[in-house]
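With the sequences and hints as input, model every part of the structure.
Residues per chain are reported as follows:
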Amino acid sequence: MTTESVTGALKRARSGVGNAGSGRPPSNRERRRRVTHSRAFVFFVLPSLILLVLLNLYPVIYAGLQSLRNGDLLSAGNFVGLNNYIAMVQTPAFWHAALFTVVFTLVGVFGSWAIGLALALLLRTRIPAGGLFKVLLLLPWVVPVVVSATSWNWLVATPQSPLPILAEALGLGNVLFLANPLLAQVTVCVFKVWISFPFMMMMMSSALASVDVNVYEASKVDGATAFQTFGRITLPMISRSTYISWILMTIFCVNDFPSIFLLTGGGPVNSTQTLVVLAYSTVFQNFQTGPGVAIAFMMTIVLVIIATLLYRQIRKVNIE
Amino acid sequence: MASQSTGSSFSRRGFLGIAGGVAATAALAACSTGGGSGGSAKGIKFWNMPWGGTEFNPLDKKITLAYAPKSGLGAATYQEIQWANFTQTFSSAVASNTGPAVSSGGGTQAFQFANQGKIAYADNLLDSWKKNGIYDDFFDGLVDTMKTDKGYAAVPYNLDVRISWYNKTLLSEAGVEPPTDWDSYRNVCAALKKNGVYGFGLGSGAGSFTGSHILAAFMINNGGGLFNADKKPDCVTPENIEAMQFILDLVKSGYSDPAAATYTSANVQAQWKAKKFGFGWDGAGLAAGAVGDVAGDLVVGSPLTSPSGKKGGLYFPNNIMMYKNTPSQASSEAFLTYYYQNMKDLWTKKTGIGLPPLKSIADTPEFKADPNNVKIIEEWQPIFKTWAAPGGDGLFYNIANTVDGTAPMITFAQSILGGSTTAKSALTTLQTSMEGLMK
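Chains as they are written, first to last, in UniProt numbering: chain L, 1 to 320; chain C, 1 to 439.
Fair warning: there could be bad hints in the mix.
What the hints assert, rightly or not - Derived CB-CB ranges, DEER-like:
1) Asp249(C) / Ile306(L): 43 to 51 Å
2) Pro59(L) / Gly352(C): 36 to 44 Å
3) Thr54(C) / Leu57(L): 36 to 44 Å
4) Thr91(L) / Thr54(C): 55 to 63 Å
5) Ile383(C) / Ala114(L): 52 to 60 Å
6) Leu172(L) / Gly292(C): 24 to 32 Å
7) Gly231(L) / Ser253(C): 53 to 61 Å
8) Leu235(L) / Thr54(C): 34 to 42 Å
What the hints assert, rightly or not - Some chain L residues flagged as far from chain C (calculated, every beta-carbon gap over 12 Å):
9) Ile115
10) Ser210
11) Thr225
12) Ile244
13) Thr308
14) Arg312
None of these hints come from the bench; they were simulated from the model. Glycine included, every Cβ here is placed at the ideal spot set by N, Cα and C.
And the structure:
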């Protein structure tokens, strides 16, 4: 059997029209049965489809139309075409927010992945009270972000907070974790890594659990070092889960509003403002619905592109 | 079979019968006048915000539901509206004509809805109040803050004020008297700094707009402000530059907490509680907040005299508005008249609501029992101005878009409190941003 015919048969089998049996064309009765099945299928799916359209598509279309108008929260406003999009990309605030969104996302994704993977590898080894550690390590992810952000604010906000006192005791002077623009950026990035690494740890733990132990034993027999094992076996074997976790964490980071808004509100002087915070303040503080929704749409487009690229990477991994 | 039996018991005919019955019942219910109010006019909906502590809304509801309308007028129903997403709550309700007949809300909400043609102007109501004494009971000039070109968009309800506070013990330890003008204020800050205490205490962090309010208050104190008589932004004026230069001097001299730009309200209260703030700027409720043992040491300061020789401060006259979408305008007005004649308990029973708009309430022994209240009413209330200063008194539509909790105002405040800008540069940026937000 050629590759083409195997692929074709598999495709037919997946779509439920396989004729791997006798190979003869379906009879009229068979055809009628299939049509009835198809109809039944459509009738069963239709309610969910309608609900899905109403719940997802309608708001998206409505928001899309809003982004083309100059309204506010109280009125729809007039049609202005793509003016909101053009106006937004011409403001320095947009590009500053876009740049910080990229930084925040890169640090959030790869910082949490590195820590999550390291902990997942560590927890594979037999350590006392490993289960308890796993539960405790999950806490930053489990605790509501409002509580986490408030706790971090208490830890760093004023010179009398625990961390500034510690920094002063270490001879670092009066460290303004939230008031200094650069330190505020570092603080929100570290906070994001802190609340996200448990998710990565879980993803990586499950990926590592699926790797066949025999592969490691074989590599050991072949004399591979620990570094070689990690780089040439572990990472490639968990690459599919890694890409999936990167896609998810990228979406989480780009759309993360509460972490930043609760910790710094986007300040000081917009230094920690990401695109989602800028979109919020544009709509709900400045009452500019059109430009705010335009920002959100541009974010969505970029996210879709990133997700598509990473998804292609996953498919490539599957083929390999 | 059981399954067949079940199936036949809920036939299509049966289903239609039940559906018809339900529809008929609903139609009859809709046609009925309902309960005890049979025969009376349709009730009006009053929506109020949680203006005070947990005891505010129950008492407010009690006052509302005790309203007994005259024949032909509707009774009032009560709905508490949370501050979270309140703009969306009101805008969607008003747009779908399911909103209230009477409500409070954001301080500039009435002017936004008036711009949309949704507000029933209060001119007739105020005329009637001139006859029954309520109009003259308002503090002088207060009603004028509600006046627009088309009429009075609302009636004043409670006053949110920005004033100075000091810790009398910390000032005493520093060996200084409370300041009376900008120079003496600078001296107080210097004396407090020697004891490791900040004299320019405030915050402008996440969710805290007080910092930007105080900066605007200093401009107004110096005879400046953000809008001219044409209701257009006019930020880069000599008065404003002088005021912001004064603040920048305080910041650069170390009289302001270097982290103040990102302080939330909770952080500010923590600094008062930790005795790190000896003098600062906040709302009237500071001493009642989470400031711990220092509450008893906190005293309202007197308004400062600016280099221009003027005094002034910023306040936000929160208000109650009436909507065109009402079962009866006469019912809305009659209810509000009743409400203003009976709302005194909201202040005398200390529910935590802002300062009263009526002199008669401010004159009650219960209200006067707090000397800080008395000081605010006697010394601050006469010099307060709105966001519209120096161009005018009346609030207007663009205030909500440009300065009232907007991103440019927060950025402006944080840049000044960060100290890494000049007065003229920061004001010029603010001017440009405000012009961009004007409609």
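Quick rundown of the hints versus the structure:
Between Asp249(C) and Ile306(L) the Cβ separation comes to about 48 Å, which falls inside the hinted range of 43 to 51 Å. Distance hint check: the CB atoms of Pro59(L) and Gly352(C) are about 38 Å apart, consistent with the given range 36 to 44 Å. Checked against the hint of 36 to 44 Å, the C-beta distance between Thr54(C) and Leu57(L) comes to roughly 42 Å, which is consistent with it. Hint check: Thr91(L) to Thr54(C), Cβ distance near 43 Å, so the stated range 55 to 63 Å is violated.
For Ile383(C) and Ala114(L), the Cβ-Cβ distance of about 59 Å falls inside the hinted range of 52 to 60 Å, so the restraint holds. Range check, Leu172(L) to Gly292(C): Cβ separation about 29 Å, and the 24 to 32 Å hint holds. The beta-carbon spacing between Gly231(L) and Ser253(C), approximately 57 Å, falls within the hinted interval of 53 to 61 Å. In this structure the supplied range 34 to 42 Å is violated for Leu235(L) paired with Thr54(C), their Cβ-Cβ distance being about 56 Å.
Every beta carbon of chain C lies more than 12 Å from that of Ile115(L), the smallest distance being close to 26 Å; the non-interface claim holds. With a closest Cβ-Cβ approach of about 42 Å to chain C, Ser210(L) is found to remain outside the 12 Å limit, as its non-interface label requires. Against chain C, the non-interface label of Thr225(L) holds: every CB pair exceeds 12 Å, the least being about 48 Å. With a cut of 12 Å on Cβ distances, Ile244(L) stays outside the contact zone with chain C, its closest approach being about 33 Å.
Every C-beta of chain C lies more than 12 Å from that of Thr308(L), the closest at about 32 Å, which supports listing it as non-interface. Residue placement check: Arg312(L) keeps its beta carbon more than 12 Å from all beta carbons of chain C (closest about 38 Å).
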